[in-house]
Every structure is written in structure tokens, then in C-alpha cells.
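Model the full structure from these sequences, guided by the hints.
Number of protein chains: 2
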Amino acid sequence: MDSPTPTSPYARVTVLGLGVLGAQIALQTAAHGVDVTAYDVDDDALRAGRERLERFAGAAARDLPDLADAYGAAPGRIRLTSDLADAVGAADLVVEAVPERLELKRDVWARVGAAAPPSAVLATNSSSLLPSAMADATGRPERFLALHFANRIWAQNTAEVMGHAGTDPAVADQVEVFAAAIGMEPIRLHREQPAYVLNSLLIPLLGAAAELLLKGVADVETIDRTWRTATGAPAGPFQVYDVVGLRTAHAIASADPASRAWADYLQENYLDRGRFGVESGEGFYTYR
Amino acid sequence: MDSPTPTSPYARVTVLGLGVLGAQIALQTAAHGVDVTAYDVDDDALRAGRERLERFAGAAARDLPDLADAYGAAPGRIRLTSDLADAVGAADLVVEAVPERLELKRDVWARVGAAAPPSAVLATNSSSLLPSAMADATGRPERFLALHFANRIWAQNTAEVMGHAGTDPAVADQVEVFAAAIGMEPIRLHREQPAYVLNSLLIPLLGAAAELLLKGVADVETIDRTWRTATGAPAGPFQVYDVVGLRTAHAIASADPASRAWADYLQENYLDRGRFGVESGEGFYTYR
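From first to last, the protein sequence lines are chains A and B. Residues 0 to 287 in numbering that gives the first Met the number 0 are what the first sequence lists, from first letter to last. Residues 0 to 287 in numbering that gives the first Met the number 0 are what the second sequence lists, from first letter to last.
Just so you know, not all the hints are guaranteed correct.
Stretch by stretch, here's where chain A covers chain B in the computed footprint (C-beta under 8 Å, at least three residues) [as the list claims (entries may be wrong)]:
id, region
1, 35-42
2, 143-157
3, 183-191
4, 206-213
5, 229-242
No lab work stands behind these hints: they were computed from the structure. Computed from a predicted model, the values in this text were never measured in an experiment. We treat Cβ as the ideally placed atom computed from N, Cα and C, and that holds for glycine.
Encoded structure:
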């Protein structure tokens, strides 16, 4: 952003679910001075969430030394609760990051819609489900949209803002300002698109790289080097696969019968050998 | 390349065709100290080729100031001829960059095969035709392969080395050394692949960007910004379109019925208005 960071239009933000993305969203929001409440289902989930918050705070502080103090203090500023009505009762914005099951999300949104202030804006971080599939469950579809973050939110800082057909554009405008206020680069979509903008671009590139490898045209290092040399990008497609995580890549490939051979290749050569990419220290490349 | 630049295994290189790519290949080779002969069909074609050599030498010198002297001197070191037998009679390597018509290329290769020393290696720069489609015409298929360069060869310095099934791997190894010797990053393909490695990766990415734009999901600037922010690449897909050239993009889209809408969009909004990308000063963006 060339313009100065705006002030968050929401004073109190609630994050639902302290998994990998939920914890990162809560952390990023709290590190930018916004009051954050985080919800998960029970004490065990909250304990695991607390550990994730501390771990991601450490990673963010290492990656962004200038903001080390803000990230370091953020976990202690997040209120944790396993009471959903309590979590959202005073929220200006609710960001949902619960597991990717439509019925679960619809159930959560119905309960949030009943308990959150009528003025609250509601946003799903779903990667694979469209907001139109759950908008009616919220009871306030015009104040509901998708706000999609990527893993390692503090570094990979796109925030895709995607309404469904019934979202009030003024609400989407406001959510864009919120995203910028917590250090994100807002990406505005003008209509629903499965996989948003980023993954709509990335998935075909990664698929083409997989095909070249499976066909034996060139090896991993050569394909990556070609991409880096020709485009000036810092990482080739297989380096991106390692960052995305090979379990995620396998899940995406498994969902499409056309990429069955690639799913099998990943399973046999990587998943079955505990090679999950950067997260496990080994994938197409070895880390540390 | 981390390793020092190797010496060219070929002392005398002949380039066939002084169009955009042929002129750049001749220039790049001469600028790296190799004797170059360039052939085109008649005096008019040679005059136009000479102008291209001077123009590209100026562009390369501006882009790579450290090599300005070498590029500046290169055009004067290239011998020009419209006699094909004379052009290839003493060649160690012949690189063909004549128009992309199979029968023309086969005819040229038959004449080259008859006139070049038996030891000479023969390489096509074809973007769209596979070497297996013309290997037999050369009379020495084991010494024939594809060596593919990209536009603005001095900056965009991939050289894809792709044999057909009958190419001697030792010949491909040697051509890789030649590519490195003239400042290229050699990319070795282990089997024939239409579009090589680079375009096999690039075309799906560019196609996905076109689809997002046509569907009205996001605008050109937003799509490009998403890609740059998320991947760290210096250019988004529409910036790449402008560099590739919108006439080339239109030709590729026109060849596939599935991308008809994109071909029409480019025609109406860009080609019909004289907007060809960077080369015309205007495309998706305005230049200069």
C-alpha cells in the first residue's frame, strides 16, 4: 500500500476457530491494535489454539523484525472463550475459520446470526465453499461475505474480499478498509469465483508443472529454474507446492478425477514417506 | 549460472532467417565472440535484417551496460549472405529461425542437410512445430534438435534444448554447453513437449487470468497486483501479455476454439485499436 494504513472500521473482532488460519487471523488482527476475541469448541481446542498463537507470533516476529514487539504482545491481548454467544455478543466483525464442511459452517452461522449485534458484519474465510452457499443461514445475507487469507498471513498478505450476489457493496468496501488496517493487501472480487483470484491463477500453473514432471519432460529443479529465470519470480512451481503443503496439494488433486495420476504420485512419493513440504522439513526440496 | 561461462563448442555458427528471433540469436552469438554467418532470402531481407541487428544491439546495450561494447560491435562481426549453400558450407552449428510453416522448414532443412559439413549440428528455433516433424528432412536426425529462445534474448535468457526421440543425447549435451557459452540459461527437456517447458507453464496461467477478466471477477490491475503480492513475481499476467505482444496472444487464442471469446476480446479492444502491448506503447497498460 502506498497510502498510509487506515484505522480499522471495527473496534471488536471475533475469530471463530483457532486452527492454522484462524489463529493467524486472530494474531494479525490483534497485532494491529484491534480488540480480538477468539472462539473454539472446548478447553482442549483453546489450549491448542493458544499454542498456535504463540508459535505464529514467534514466526511473524522472526520474519518481520520491525513488528516483533507487536506480534510478541498480540497473543496476550486475545480473549479466548468456548462460549459462542459470549464470543460474538459484542462483535463488530466476525471472521469464521472453522473446518470446511458446509453443514458445520451453516450451523455456526445460524447461531452467530442469532447472537451477534444486528450491526455486526460476518465473513467466512472458506477456501472451497462459496459465500452464497451459507449466506441465508446468517439471517443477514447483505452483511455477509467471504474474506480469504492465505497461510503465513503476516508475509503472504493478500486478503480477498468476495461478496455473494446479495452482499451490500458498502459492506465489502468497509471490509476492504479493515483488511488494509491489519496490514493486508485487499483484493476485491466483483463476483463469486471458486478459488478466488489467487488460486484461480495458481492452480493451473501448478497443474501444468505437475504434468511436465509426470510426463518426464523435465525434472523439478529444471522446471523451477525455467520459471524463475524467465519470469523473475523468486520461486518456481514446486517451491510453491512445498509452501502450500503437499497434503493440501494432494487434497486438491484428489478432488478432480483429471488429476488422479498426480494425487497418486504425491501419495506414493511424498505423503507415504512423511514428506509434506516446508512444514515437515522435506518435500520436493529439503529445508534446514 | 554459478559456474564460469564455458567456451563455445562451435567456432562457426550460422543463423537462418533474420526476423525478430533470428536477428537476436545472431546478435547474442556474435556478442559472445563466436563467428556468425546469417542467411536470409534476398538483399531486401538482408537489409531489413541488418537494421534489426543494429536496433537490437542498441536495446541490448541499454539493458546490459556492462556488455554495451560487445553488443555494439556484434552487428559488424556478422557475415550476411543470401546464398544458403555458402551460408552453411563451413558451419559447426546451424540455427534455423525461418517462418513457422512446416513445409518451408522441411525444404530449408533438406537443402541445409545437403550443403552443411556432415559434422554440423542442426537446430530449429520453432515455437510451435516439434523437431520430430522435420528431423528426417535433415538427413541426419541424430544431430538435429530444437533450441528455443524467447524474445529479448539478452534479458529473457532461457534456451530450451529439446531433442526428438532420435536425437543423440551427446549432441543435446553439447548444445547445452553452447547455450551457456552465449550467456543463456540452458533448459534441458528429456522428451518432446509442445510449447516446451516455459510456455507449457505460462499459457495456463495467462489463460486463467483472461478467464477472470472475461467473467468480470476482477480488473486487470487487481489480478496483476494479486499475483505480484502473493508470489513476489515482478509482473502480473497482464503485464506478461503486454511483453509477449497482444498479436501473439491473439494468434495463440485463435488456434483454440475454447479461447474464442478471449481472441474476440483482444481483437475488439486491443488489436483493432492498434494496441499491441509494449511494442506499440499501449496494451493493458501504457508505456513511456
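field: Given coverage of the region 229-242 of chain B by chain A, tested with a Cβ cutoff of 8 Å and a minimum of 3 residues
entry: holds (count 8)
message: Is the coverage entry for the region 183-191 of chain B by chain A consistent with the three-residue Cβ rule at 8 Å?
response: holds (count 6)
- request: Verify the coverage statement for the region 35-42 of chain B against chain A, using a C-beta to C-beta distance below 8 Å and requiring 3 or more qualifying residues.
  value: violated (count 0)
message: Count the residues of the region 143-157 of chain B whose Cβ falls closer than 8 Å to any Cβ of chain A, and tell me whether that reaches three.
response: Satisfied; 4 residues make the cut.
message: Is the listed coverage of the region 206-213 of chain B by chain A valid when you require three or more residues with a beta carbon under 8 Å from a beta carbon of that chain?
response: Since three or more residues must qualify, the claim that chain A covers the region 206-213 of chain B holds, with 5 doing so at under 8 Å.
The structure does not agree with numbered hint 1 stated previously, though it agrees with all others.
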